[in-house]
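> In case you want the letters, here they are:
There are 2 protein chains.
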Amino acid sequence: MTEQTVIAEELAKQLRAVSVAEFFEKNRHLLGYENPTKALITIVKEFTDNALDAAEEARILPDIKVVVKEVAPDRFKVRVEDNGPGIVEEKLPLAFGKLLYGSKFHRLKMSRGTQGLGASGGILYAQLTTGRPAKIISSTGKEIHEIELMIDVSKNEPKIISHKEEKNPNKWHGIKIEVEAEGRYIEGKQSILEYLKQTAMSNPYAKIVYDGPNGKVEFERAVKELPPLPKEIKPHPYGVEIGLLRRMLEITNARNLIGFLTGDFSRVGRSSALQICKLAKLDCNKKPNELTHGEIELLHKAMQMVKLIGPPTDCLSPLGEKLLEEGLKKETKAEFVVAVTRSPTVYRGNPFLVEVCLGFGGELPQDQTAQLFRFANKVPLLYHAGDCATTEAVIETDWRRYGFSQSSGQLPQGQLAILIHFASVWVPYTSEGKQAIASYPEIVKEIKLALQEAGRKLATYVRHKNIERERALRQNLFERYLPEVSAALSEISETPRNSIEINLKKILNKGKVIESVKEEGIEDGEENRNESEE
Amino acid sequence: MTEQTVIAEELAKQLRAVSVAEFFEKNRHLLGYENPTKALITIVKEFTDNALDAAEEARILPDIKVVVKEVAPDRFKVRVEDNGPGIVEEKLPLAFGKLLYGSKFHRLKMSRGTQGLGASGGILYAQLTTGRPAKIISSTGKEIHEIELMIDVSKNEPKIISHKEEKNPNKWHGIKIEVEAEGRYIEGKQSILEYLKQTAMSNPYAKIVYDGPNGKVEFERAVKELPPLPKEIKPHPYGVEIGLLRRMLEITNARNLIGFLTGDFSRVGRSSALQICKLAKLDCNKKPNELTHGEIELLHKAMQMVKLIGPPTDCLSPLGEKLLEEGLKKETKAEFVVAVTRSPTVYRGNPFLVEVCLGFGGELPQDQTAQLFRFANKVPLLYHAGDCATTEAVIETDWRRYGFSQSSGQLPQGQLAILIHFASVWVPYTSEGKQAIASYPEIVKEIKLALQEAGRKLATYVRHKNIERERALRQNLFERYLPEVSAALSEISETPRNSIEINLKKILNKGKVIESVKEEGIEDGEENRNESEE
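Residue numbers (the working numbering), protein chains in the order written: chain Y, 3 to 536; chain B, 3 to 536.
Treat each hint with caution, since some may be false.
Given that identical chains are not distinguished, each listed pair holds provided it fits within a single copy or across any two copies.
BS3-like, lysine-lysine: derived pairs with alpha carbons at most 30 Å apart [said to hold, decoys possible]:
(1) Lys169 to Lys15
(2) Lys332 to Lys173
(3) Lys161 to Lys236
(4) Lys303 to Lys15
No lab work stands behind these hints: they were computed from the structure.
In isolation and in its complexed conformation, chain Y is listed as follows:
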């Protein structure tokens, strides 16, 4: 045996599998737990996102309560309660005590949670930093179950510490989850309060009560009706990877290619399916699992070539232009807002759509970098803006065309707020902490198109304000000299100065074309515009 063989055999002994829970415990920052401030926000966010998903999916107007209390220095109790359908007793431990376990991963449907990592990740962090189990109270309307659980990290399995069952005379249903974790509490730009505020904005049909360290805040329901439930869909043939196609062919229940294409994909009718088979030179009655690798390649190519209509829109639940404009106006006190909701399109076979809202002037700060508000599937994103497809798209857009100044590679400058909402059956987050959207080329492109569309609409207004401003300047100038002009004219024409001045003022006021916009509004808008022309 050579020396290398000895080393290789020694190394082989160290090779072993890593449990998913071990992986995320050691890499807790991947889930958003790299510092105590962010950790506390992440726990609230994960539990709240799940609560909203649960109620919404059961067609219940969400009633969410969030409690955050400091129990010791840098140590907090976090409780989130919802009025959703609850989780059945048998599945409770796995749903909360096993990472990568959930109902949302294997379907194509727009929802806040996706991976089955959120709640269990919060519990994992809590037990890592305080050693305490999580308490979960659940009822589906039958008896109430209260369990305390921890995660067995090396196995990634739940470990039940206690289990109580109680009667439920009022038929309460929902989930209450409580953990104790290390954290630090702040209010301000990146905070629990800001997250809840923005969540209330993008979910106006939810009532959210926040009971935090500094008192209670209630976000009342602004709308009494739920938006339509987004539908679960099948993948669209465009952009489906060959590896995925291969696996779909292996596991399909369809008995032939035509059945596979029409049954396992969206937007493929019988004639499209026949056309795909013809293009691929494949017998449409062939069994799906009998295709050779070469045939799969041909099929894959043909699927990209055939003309199909875009994905259905009912799998996505946009906020809509009205809500976007109202929300941004309320949040920023902008003077002018304009929103654009684009039609759905596809990346990697997943339908998605982009909505954009631009706010201008008003109480927006002057001479500063534009404010960016980011949302994915109605969830506000507070961190990692620098690493987000939305930021990339904003930077790559030429804002000088719309009247703003912009250095290369930077966000635009000016009295500008930019809201971007990315809605998809599958949001490609840059990390499991779900704070930024990955820069898939199709996604960046679509966001840019939305920004350009909104930018053009905004530019019209900015130009308008421009004309107004110049008129106002001229008028101001004339008004300033009005007494002197009147006096001179009075001397020449031997008419009383007073009447001349009154008449001149009348003429002047006729020149005002847009009277609806207040003087202050114009001034606010102006400085910014001036600057952006430099």
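Fit chain B to the given chain Y structure using the hints.
Just chain B now, with coordinates in the frame of chain Y:
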């Protein structure tokens, strides 16, 4: 049964576990595969990092060959060969065909790979985009094994397509791995060539031959000796989380607390262990797995309170100030470089150290944002700079103190290059693609301290250049008027003008204090410094 119970039971049916391979296939961007350009770089990077690790761990001077060839439009064959110890036959399939499988996760030792996700992730992406298996050739010096494998995604298990065994008369050892994947090839700032160039810089003892689409490039070995092998260590008591402590207490082989503390941690001798037990008011002969939760909390607190020396340094392999300075000078042609290697410190119980090198002037571009070079465990980081602890630390450092201009929240401006090397037994990457370091507060702080230390040294030089520059300006001014002055003096003193001029020039030249720096060097440095004073 209420309506909610029905819904809850319906939802329960959808709950199920997600395989790690499914998770990363759907989230391929987490591994660095969100677009074809980055995907190609990531494959090369993962295979090369593993190759370097393998050779280095077996104390072999690395000899790496990287081949990238376009086999069809947007489709590449990538092959990486090393001269490491190889992997034994039985473990080959798991080592490459199962995600989260490896030898590096469960130990505390500085290495490039960590999670057991790199090579298998590349294979997963390749099969997803081309449907092709990976080919792996391995020998430990005995027979040569050649296997073709794919990953069974829904099970996260290897699937062997073919296996050949061959004789090995030359006792070759190492790994050759080859995949075919979708990609796009570029050269420039973020490219395979740049990654290999920087890798050669931080691993001067490796020979790397690159055979790319545009021809061959060889990076010769600059040093003929391997650095000392970093040692595997035990966790340091500072910063170990209570959840981890609890698990360590459960699985330890030690029979009592004193044995646990001295045996399972680094830097805890008998007297420190006794002190910890005393502080925690615990019997030092108590069995580790019999501690109650309250006792674990006391122990945890006591471990943070007792005074211990810092972690051992031999678990880390810094580049060293000499190599850093040579490397940065060669890469940027800077006029002046200064490096700082800090002593190791701890985050979350993990020892780490920070090295920084600053380059100034010379051929560095003027009037631009400082260039940032980032390394983690000798691996260059090319992406996600905006999301990296290194960038955060650079932004939070006040560069105006060292003679550079800087807007708030931005990188400094000027003829400045900043190289940062983070070395740790555990690098907390912001995502599995390993392109940025997570902003743990202890890490950001330590990087800032290193930058400040180097910044102060650089400032001395910058000030020096300052004095020189002013002297040069004065001299230039005087020289310009020399003919006039000489003429005037000649008239007054009735001496030949020529001799006066020569004598004046002599006096002038005595004033030059630093003659070693060339005139061009000064001018290069000046414009930048001027600007930074604004």
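> If a hint holds in the structure, say so; if it does not, say that too.
Structure-based check of all given hints:
1. Lys169 to Lys15: Between copies, since 25 Å is at most 30 Å while 53 Å is not.
2. Lys332 to Lys173: Answer is neither: 38 Å inside a copy and 74 Å across each miss the 30 Å cutoff.
3. Lys161 to Lys236: between (36 Å within a copy, 27 Å between copies)
4. Lys303 to Lys15: Result: close neither inside a copy nor across copies, 44 Å intra and 36 Å inter.
In summary, the numbered hints that this structure violates are 2, 4.
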